[in-house]
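K.L.:
If you're matching them up, the sequences are chains A and B in order.
Sequential numbering of the first sequence, starting at 1, is according to our numbering.
Sequential numbering of the second sequence, starting at 1, is according to our numbering.
Some hints here could point you the wrong way.
[Claimed, not checked] Not the full set, but computed from the structure, chain B residues with beta-carbon under 10 Å of chain A: (1) Phe12; (2) Asp13; (3) Asn16; (4) Ile74; (5) Tyr111; (6) Leu118; (7) Tyr121; (8) Lys122.
[To be verified] Pairs of lysine-lysine, DSBU-like flavour, derived with a Cα cap of 35 Å: (9) Lys53(B) <-> Lys20(A); (10) Lys206(B) <-> Lys398(A); (11) Lys18(A) <-> Lys175(B); (12) Lys107(A) <-> Lys156(A); (13) Lys18(A) <-> Lys206(B); (14) Lys85(B) <-> Lys10(A); (15) Lys175(B) <-> Lys53(B).
These are computed hints drawn from the structure, not numbers from a lab.
All C-beta atoms in this analysis are idealised placements derived from N, C-alpha and C, irrespective of residue type, glycine included.
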Amino acid sequence: MKNKSLIVAKYEFLKIVKRKGFLFFAILLPLLAMLSLMFAMHYLPSLISQTTNTTNGKIGFVDYTNFLESTQEFIEYMDIQPAKQSLINDDISSFFVVQKDYFNTSKITIYSKDGSFFGSTPTKTIEGFLMKNLLRYGNVNDVIAEKIENPMAAEKITLDEQGNIKEEKSKVGGFLLPYALAFLLILSIMTSSGYLLQGIGEEKESRTGELLLSSISADQLLRGKILGYGSVGLLQIGIWIFVGLIMIFNSPLAGLFVGIEISLVFALAILYFILGYFLFAVSIACAASISSSTREAQQTSMIFTMFAIIPLMFAQFIMMAPNSMVAKIFTYFPYSSPVITMMRFPLVEISFYEIVSSIVILIISIGVMTKLSGKIFRMGMLMYGKRASLREVVGFLKEK
Amino acid sequence: MTLKVENLTKSFDSKNVLDNISFSVKKDEVFGLLGPNGAGKTTMIRVILDILKPDLGEVEIFGEYFSEEIKERIGYLPEESGLYKKIRVSDCIRYFASLKGMEDIDSKIDYWLEKLNLQEYKNKNVQELSKGMQRQLQFIISIIHNPDILILDEPFHGLDPVNTKLIKDILLELKNKGMTIIMSTHQMDEVERMCDRILMINKGKKVLYGKLNDIKTQYGFSIIVEYEGKLPKIGGVEKVNDYGSSAELILERNANTQNILKNLVGKVELKKFEVKTRSLNEIFIEVVENEK
Numbered sequence: 001m002k003n004k005s006l007i008v009a010k011y012e013f014l015k016i017v018k019r020k021g022f023l024f025f026a027i028l029l030p031l032l033a034m035l036s037l038m039f040a041m042h043y044l045p046s047l048i049s050q051t052t053n054t055t056n057g058k059i060g061f062v063d064y065t066n067f068l069e070s071t072q073e074f075i076e077y078m079d080i081q082p083a084k085q086s087l088i089n090d091d092i093s094s095f096f097v098v099q100k101d102y103f104n105t106s107k108i109t110i111y112s113k114d115g116s117f118f119g120s121t122p123t124k125t126i127e128g129f130l131m132k133n134l135l136r137y138g139n140v141n142d143v144i145a146e147k148i149e150n151p152m153a154a155e156k157i158t159l160d161e162q163g164n165i166k167e168e169k170s171k172v173g174g175f176l177l178p179y180a181l182a183f184l185l186i187l188s189i190m191t192s193s194g195y196l197l198q199g200i201g202e203e204k205e206s207r208t209g210e211l212l213l214s215s216i217s218a219d220q221l222l223r224g225k226i227l228g229y230g231s232v233g234l235l236q237i238g239i240w241i242f243v244g245l246i247m248i249f250n251s252p253l254a255g256l257f258v259g260i261e262i263s264l265v266f267a268l269a270i271l272y273f274i275l276g277y278f279l280f281a282v283s284i285a286c287a288a289s290i291s292s293s294t295r296e297a298q299q300t301s302m303i304f305t306m307f308a309i310i311p312l313m314f315a316q317f318i319m320m321a322p323n324s325m326v327a328k329i330f331t332y333f334p335y336s337s338p339v340i341t342m343m344r345f346p347l348v349e350i351s352f353y354e355i356v357s358s359i360v361i362l363i364i365s366i367g368v369m370t371k372l373s374g375k376i377f378r379m380g381m382l383m384y385g386k387r388a389s390l391r392e393v394v395g396f397l398k399e400k
Numbered sequence: 001m002t003l004k005v006e007n008l009t010k011s012f013d014s015k016n017v018l019d020n021i022s023f024s025v026k027k028d029e030v031f032g033l034l035g036p037n038g039a040g041k042t043t044m045i046r047v048i049l050d051i052l053k054p055d056l057g058e059v060e061i062f063g064e065y066f067s068e069e070i071k072e073r074i075g076y077l078p079e080e081s082g083l084y085k086k087i088r089v090s091d092c093i094r095y096f097a098s099l100k101g102m103e104d105i106d107s108k109i110d111y112w113l114e115k116l117n118l119q120e121y122k123n124k125n126v127q128e129l130s131k132g133m134q135r136q137l138q139f140i141i142s143i144i145h146n147p148d149i150l151i152l153d154e155p156f157h158g159l160d161p162v163n164t165k166l167i168k169d170i171l172l173e174l175k176n177k178g179m180t181i182i183m184s185t186h187q188m189d190e191v192e193r194m195c196d197r198i199l200m201i202n203k204g205k206k207v208l209y210g211k212l213n214d215i216k217t218q219y220g221f222s223i224i225v226e227y228e229g230k231l232p233k234i235g236g237v238e239k240v241n242d243y244g245s246s247a248e249l250i251l252e253r254n255a256n257t258q259n260i261l262k263n264l265v266g267k268v269e270l271k272k273f274e275v276k277t278r279s280l281n282e283i284f285i286e287v288v289e290n291e292k
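All chains should be modelled from the sequences, with the hints used to inform the complete structure.
P.N.:
Here it is as structure tokens:
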């Protein structure tokens with residue numbers, strides 16, 4: 001006998017990928033993004049340089065306190081009027097005025113010609129110029145001045161419990177990967193669950209549940225749907241990642257990802273990713289099956305999509321205190337553990353016990369949810385035109 | 001025995017939907033599953049198909065307890081018109097047929113579309129079909145894998161007389177080829193014409209079960225009269241459904257029809273006097289009303 005879950009998965013997968021909407025969002029959209037990037041990379045620098053060339057990147061200033069010294073880039077004007085004329089003639093890109101009470105108020109007025117993207121006000125450049133002049137004006141020697149401008153070139157050393165130096169592991173790429181995977185997990189859940197909700201909603205609206213269940217068991221049907229829609233989600237994410245990688249490796253960011261090792265951390269992140277996806281998929285399918293339409297299914301399953309998003313709300317706190325009680329609780333809670341554990345990986349050494357416990361809890365949760373969802377899904381698929389009440393859902397769970 | 005149901009009980013929210021029901025269906029027979037709305041027919045079918053599990057009792061099909069393999073030997077036409085609307089007719093049939101374990105599907109699709117005059121819709125979307133055509137498409141899905149048992153829930157629902165006859169002819173053809181057919185319907189005339197045996201349930205309880213002819217004989221005879229005048233009180237008649245110029249006389253068991261004819265002659269001007277077994281529709285109504 002053929003694996004009927006695979007028949008369902010293949011059918012659902014092809015049904016979605018043949019749709020024009022999927023072709024647009026999954027393929028055309030990233031292609032457009034890639035074309036935009038290629039355009040930006042090839043034409044933006046020349047556009048910027050054209051803009052800069054007209055003014056030679058020069059900035060004017062009018063200094064009523066007399067502490068600034070002009071340079072090749074910073075041209076001094078004695079009054080506002082000639083500076084304005086130079087700005088209009090495109091001799092300078094902008095100018096600023098240092099008022100007489102600057103040492104009391106720090107007040108600087110910046111003039112520029114328009115607020116266009118290429119002609120935006122160079123605030124950081126002006127700040128740097130002011131700092132240099134202030135250090136010189138205050139007679140700070142060159143060495144100290146340089147240190148004030150660049151106070152540290154940090155080298156981090158981590159000690160273990162015995163005081164020995166631990167091997168440095170935080171390459172930027174390796175640091176970013178778990179975050180990227182956490183983000184991808186959320187994105188995959190959102191994408192796949194969207195398709196899953198739509199698919200089950202359509203199933204309920206077309207009332208095919210009874211016909212399907214006469215040919216295939218509810219568990220097989222549920223597995224097939226999760227596999228089919230999950231594959232659609234992963235295909236979409238895969239296309240985005242592929243396009244993203246092409247973009248990254250054709251940009252200066254490529255250097256960050258050179259020499260990334262497929263470490264245990266990376267393997268664990270993949271494991272959390274897969275387990276996390278299945279837990280969310282089985283929960284969302286269950287929620288969708290007790291609703292009467294796609295719209296209602298979206299509302300019902302909101303509770304589970306919220307579980308995926310909540311860890312992000314705590315992201316800043318988790319990063320500041322990755323070993324706090326809150327972080328640990330989130331690590332054990334099955335719906336948040338994939339995202340939170342992936343966030344904590346690059347920040348702290350998570351104990352073996354914590355990792356094993358959270359994975360075991362996650363696997364048990366998937367087992368329990370699959371069992372419960374199978375029952376709810378079977379009965380939910382037979383209900384047409386109305387949402388199952390809580391009492392009815394409890395009744396479904398009591399079914400043999 | 002193709003299907004054997006023993007002491008089947010199923011309840012929802014402590015309400016007994018099926019109450020200790022036993023029956024069997026033989027090979028090659030057309031079996032009628034009857035009952036008023038809410039009697040428990042659909043629940044019964046769902047339990048037979050293992051979509052729902054019984055609280056008590058057992059279902060045996062081909063002498064075995066239910067398994068996933070058995071599903072491939074059963075065809076089912078549900079009452080609900082459940083079809084995917086946005087896919088092609090041929091794709092819809094192919095998907096459901098593959099779930100029944102079929103492999104060489106395409107030639108069968110053409111055969112059945114041709115037989116039900118739907119060939120020209122093969123590559124059209126299901127939603128372009130009329131309701132009647134969609135019902136025919138569901139019928140194809142239920143039989144394309146040549147099942148040993150075919151379970152039909154209101155098979156003629158939504159069909160015009162021409163297509164009703166077409167489906168009926170196909171069913172009789174399938175029966176002659178050895179297919180067992182279980183049919184749940186409210187259309188009693190179709191049951192009378194097609195079914196060998198019936199089971200009638202009401203409020204989850206078995207109220208009639210057996211050969212159609214035996215049941216009809218058991219419920220006695222009635223006489224249809226067309227007349228002029230005033231009908232007298234006649235011995236041996238249990239109930240009179242008088243319509244003015246015609247009447248149906250429901251007879252007591254063992255009533256003598258000759259005596260009744262003698263009693264009527266001379267008292268009314270008789271234009272028609274027809275003795276017949278009672279229709280299944282009358283028996284159905286009587287049974288349901290007696291249960292109230």
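K.L.:
It remains to establish, for every hint, whether it holds in the given structure.
P.N.:
Evaluation of the provided hints:
1. Phe12: holds (7 Å)
2. Asp13: holds (6 Å)
3. Asn16: With a minimum Cβ separation of about 15 Å from chain A (threshold 10 Å), the hint on Asn16(B) is violated.
4. Ile74: Because about 7 Å separates Ile74(B) from the closest Cβ in chain A, which is inside the 10 Å limit, the hint holds.
5. Tyr111: violated (20 Å)
6. Leu118: Not OK, violated: Leu118(B) not within 10 Å of chain A, min 18 Å.
7. Tyr121: Since the shortest Cβ distance to chain A is 18 Å, the answer is violated.
8. Lys122: violated (18 Å)
9. Lys53(B) <-> Lys20(A): Given that 35 Å is the threshold and the Cα spacing comes to 41 Å, the pair is violated.
10. Lys206(B) <-> Lys398(A): Between Lys206(B) and Lys398(A) the Cα gap is close to 26 Å, so the pair holds against 35 Å.
11. Lys18(A) <-> Lys175(B): Roughly 41 Å between the alpha carbons, so the hint for Lys18(A) and Lys175(B) is violated.
12. Lys107(A) <-> Lys156(A): violated (39 Å)
13. Lys18(A) <-> Lys206(B): Given pair Lys18(A), Lys206(B) is violated - Cα atoms ~50 Å apart, limit 35 Å.
14. Lys85(B) <-> Lys10(A): holds (18 Å)
15. Lys175(B) <-> Lys53(B): Between Lys175(B) and Lys53(B) the Cα gap is close to 29 Å, so the pair holds against 35 Å.
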